[in-house]
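Here is how the chains run, residue by residue.
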Amino acid sequence: MAMIKKLSVWIAFLLVMLALPQFSDSILSVSIYNQMAIAIIFALSYNMLLGQGGMLSFGHAVYFGLGGFLAVHTLIMMEFETVYFSIIWIPLVGGLFGLLAAIFIGSFSTHKAGTVFAMISLGIGELIAASSLIFVGFFGGEAGVSGDRTFGPPLFGVEFFQDVEIYYVAAVWVFIATVFMYLFTQTPAGRMANAVRDNPERAEFIGYSARRVRFISFCASGLFAGIAGGLFALNYEFITEENLNAATSGRVLLMAYIGGLGYFIGPILGAVILTLMNSLLSNYSDLWMLYLGIMFLLTVLFLPRGFAGFIMMHQVAWLKGSLKNLALPYLITCIPAILFLVGAIGMLEMSHSEDAIFHFLGMELDTSSTITWLAAIIFTLGSLFATSKSLPQLRDAWEEANTIPEVVKEDES
Amino acid sequence: MSILSLNNVSKSFGETKIIKAVSLDIEQGEKHAIIGPNGAGKSTLFHLISGRHNVTDGTIKFKDNEIQNKPPYEIARLGLARSFQVTNIFHRMNVFENVRCALLWSSNYRYSFWHLLGRQGELNDQAMHVLDQIGLKDKALYPSGELAYAQQRALELGIAIASGAELIMLDEPVAGMSHSEAENAVELINRITEGKTLIMVEHDMNIVFDMADRISVLVYGEIIATDKPENVRGNARVQEAYLGEVATSA
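Chains as they are written, first to last, in this note's numbering: chain B, 1 to 413; chain Y, 1001 to 1250.
No wet-lab data here; the hints were simulated from the structure.
Just to be clear, a hint being listed does not mean it is correct.
[Said to hold, decoys possible] 25 Å max Cα-Cα, derived DMTMM-like pairs, lysine to aspartate or glutamate:
1. Y:Lys1017 to Y:Asp1057
2. Y:Lys1020 to Y:Asp1227
3. Y:Lys1061 to Y:Asp1227
4. Y:Lys1196 to Y:Asp1227
5. Y:Lys1070 to B:Glu400
6. Y:Lys1063 to Y:Glu1030
7. Y:Lys1061 to Y:Glu1172
8. Y:Lys1070 to Y:Glu1166
9. Y:Lys1063 to Y:Glu1166
10. Y:Lys1196 to Y:Asp1064
11. Y:Lys1061 to B:Glu201
12. B:Lys5 to Y:Asp1125
13. B:Lys320 to B:Glu400
14. Y:Lys1137 to B:Asp198
15. B:Lys6 to Y:Asp1057
16. B:Lys320 to Y:Asp1138
17. Y:Lys1063 to B:Glu201
18. Y:Lys1063 to Y:Asp1227
19. B:Lys112 to Y:Glu1030
20. B:Lys320 to Y:Glu1146
21. B:Lys5 to Y:Glu1122
22. B:Lys6 to Y:Asp1125
23. Y:Lys1196 to Y:Glu1172
24. Y:Lys1137 to B:Glu400
25. Y:Lys1137 to Y:Glu1166
26. Y:Lys1196 to Y:Glu1146
27. Y:Lys1228 to Y:Glu1187
28. Y:Lys1061 to Y:Glu1222
29. Y:Lys1017 to Y:Glu1066
Note that the structure is predicted; figures quoted are calculated from it, not measured.
Excised from the complex, chain B in its bound form:
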């Protein structure tokens, strides 16, 4: 029964991915799907390090980027007919190169977790990013390298001129990579990664070298980051230093963290949310990076287990059937909270606006008028006050919805 349930989740996952272009196959949509696909694999691979293995890396883009660079070079080789195989295997090429880099770098960086590991990862990241501007032959300097994915043999008549064709390749790779990363968590090496994360010392006293356990996770993580990099190369047909520098490393950390490190599905959520913000919000506001930063801060402060953790918090209430009792309290808190957000965003946008008249939600606001600002401040603070006033009732409702867990536990086991 549990087996069928699990299997159906996976099948649904695959079907949703394959069906996405049916809902919308505009160039923008497909471009977002492809970014999501790449981000999902990349964020899951990052979670193998931080969430599963307790290794905080500031340089995970190295494996993504290196995989991507070799993938583009493979495309170039295809153009000159040095190699000839279907481009659906390009992500694997990237993955193997990511793995190779991880084997080499992991051989010394996984000696310790914690600060030592974090510092080494930062150093390696800077080193590779700097090298990419020095070894121009491979990295192509600031311009990067570019290839053409249409020189490979057609697959069932498909020549991959269009991005949507790449999307189907990407969807299958996301599925394969996700399945394997999930299965990895169910193996002795994957479980011991959790054990070493929790307590490296005790792991050694039950027969496991913490370093070796970390090394295996690190290599697996490099492999999947490389696959994501290979997909990136397939999708964009070019890659630059930007794709392996600290900014990209930081972005994948944000994705995994905002989504929720402790849950397998967390990084997937994070990848989807951040990709959407990245591509949609950036159309509406120049300040979207600021909003992203604020969102990260709020997540760290109030949802330390990320969005997935927030959803899982409702498990007990759901099993108890008391989830519906929470709907009204949530609504009561959400209304002033949303008003507060509107007010805060409005003020931020107003101070950013260069025009005298600022259009916001159908209103025409005079950015130079004191009265406008005063009204905005009063509105924002007022809704903040209302939000804080509504919190006790939410807390009480929450307590009530989550008590008597004893009965629920019996059901679970």
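Chain B is fixed; fit chain Y onto it per the hints.
Below, chain Y alone, put in the same frame as chain B:
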């Protein structure tokens, strides 16, 4: 036949000598207690044997293997398991996972990333059996970090004995427990170490004299006596150095 022998083992931290030329033979199958006042070096001695610390001098032999200065995991693989004075579990994993992880190496899974643990019927049965022994079967899916103290201590024991090690070292297994909890723990220890060699550090003299076949008294890094409980009780040097009032009151 001795299963573990320490030969002139010394340990210094900087200038300070914590362990001074200790020699000790542990017989196969015996229950051996190490007692001594606070700061005598009991835990350090445990750390030296189990590989947490390197020795400054001397040799430690376990089943004909020299194990001094080896990493803990190599020593553990030879069949030497230990528990800790401060609870040392995998706190974010559930109780079942804790015990199953402790079983992995001895069940020969090594660093495998091609076995799916859910399908290893025998391994999972074994883990459940250990949970049954330590009385945590109904808490199998409970996050181990949220167990009550005595239950965490039981899990601590479970992790130590799961691998089926021949030599089990317990560092103050009943410390911090109430009287009835301690009684249960002693009974549990007796049950799960049946037929195995046990070395334990313990402060509760009633438990020590009750459980141990032999007792070593460690004072300021030196073993001043190793003998049967009744002889240790009567040993003048021990009484003078350490036991004094305890022996008379016990």
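Okay, the hints, checked on the actual structure:
A threshold of 25 Å between alpha carbons decides the hint, and for Lys1017 of chain Y with Asp1057 of chain Y the separation of about 11 Å falls inside it, so the pair holds. The hinted pair formed by Lys1020 of chain Y and Asp1227 of chain Y meets the criterion: a straight-line CA distance of about 19 Å does not exceed 25 Å. For the given pair, Lys1061 of chain Y sits about 21 Å from Asp1227 of chain Y by alpha-carbon distance, which is consistent with the 25 Å threshold. For the hint linking Lys1196 of chain Y to Asp1227 of chain Y, the alpha-carbon distance of about 19 Å falls within 25 Å, and the restraint holds.
The straight-line distance between the Cα atoms of Lys1070 of chain Y and Glu400 of chain B is roughly 54 Å, outside the 25 Å bound, and the hint therefore fails. With a C-alpha separation of about 15 Å, the suggested pair Lys1063 of chain Y and Glu1030 of chain Y falls inside the 25 Å cut-off, and the hint holds. Our distance criterion of 25 Å between C-alpha atoms is met by Lys1061 of chain Y and Glu1172 of chain Y, whose separation comes to about 23 Å. For the hint linking Lys1070 of chain Y to Glu1166 of chain Y, the alpha-carbon distance of about 18 Å falls within 25 Å, and the restraint holds.
For the given pair, Lys1063 of chain Y sits about 10 Å from Glu1166 of chain Y by alpha-carbon distance, which is consistent with the 25 Å threshold. About 17 Å separates the Cα atoms of Lys1196 of chain Y and Asp1064 of chain Y, which keeps this hinted pair within 25 Å; it holds. For the hint pairing Lys1061 of chain Y with Glu201 of chain B, the CA-to-CA distance comes to about 22 Å; that is within 25 Å, so the pair holds. This hinted pair checks out: Lys5 of chain B and Asp1125 of chain Y have alpha carbons roughly 23 Å apart, not beyond 25 Å.
For a cut-off of 25 Å, the pair hint linking Lys320 of chain B to Glu400 of chain B stands: about 11 Å separates their Cα positions. Note on Lys1137 of chain Y and Asp198 of chain B: the hinted pairing holds, with a Cα-Cα distance of about 22 Å set against a maximum of 25 Å. With a C-alpha separation of about 56 Å, the suggested pairing of Lys6 of chain B with Asp1057 of chain Y is violated against the 25 Å cut-off. Of the pairs offered as hints, the one joining Lys320 of chain B and Asp1138 of chain Y holds, with about 20 Å between alpha carbons and a cut-off of 25 Å not exceeded.
Proposed proximity of Lys1063 of chain Y and Glu201 of chain B is supported: the alpha carbons are some 24 Å apart, at most 25 Å. Taking the CA atoms of Lys1063 of chain Y and Asp1227 of chain Y, the gap is near 22 Å; set against the 25 Å cutoff, the hint holds. Taken as a hint, the Lys112 of chain B and Glu1030 of chain Y pair is broken in the structure, with Cα atoms around 38 Å apart against an allowance of 25 Å. Straight-line distance between C-alpha atoms of Lys320 of chain B and Glu1146 of chain Y comes to about 21 Å, which keeps the hinted pair within the 25 Å bound.
Taken as a hint, the Lys5 of chain B and Glu1122 of chain Y pair is honoured in the structure, with Cα atoms around 24 Å apart against an allowance of 25 Å. Of the pairs offered as hints, the one joining Lys6 of chain B and Asp1125 of chain Y holds, with about 22 Å between alpha carbons and a cut-off of 25 Å not exceeded. Note on Lys1196 of chain Y and Glu1172 of chain Y: the hinted pairing holds, with a Cα-Cα distance of about 18 Å set against a maximum of 25 Å. Of the supplied pair hints, the one linking Lys1137 of chain Y and Glu400 of chain B is violated, its CA atoms being roughly 29 Å apart against a limit of 25 Å.
For the hint linking Lys1137 of chain Y to Glu1166 of chain Y, the alpha-carbon distance of about 24 Å falls within 25 Å, and the restraint holds. Distance check on the hinted pair: Lys1196 of chain Y and Glu1146 of chain Y sit about 31 Å apart at the alpha-carbon level, beyond 25 Å; violated. Of the pairs offered as hints, the one joining Lys1228 of chain Y and Glu1187 of chain Y holds, with about 21 Å between alpha carbons and a cut-off of 25 Å not exceeded. In summary, the hint linking Lys1061 of chain Y to Glu1222 of chain Y is supported, as the alpha carbons are separated by about 19 Å, within the 25 Å threshold.
Restraint check for Lys1017 of chain Y and Glu1066 of chain Y: satisfied, since their Cα atoms lie roughly 22 Å apart, inside the 25 Å limit.
When each numbered hint is compared with the structure, violations occur for hints 5, 15, 19, 24 and 26.
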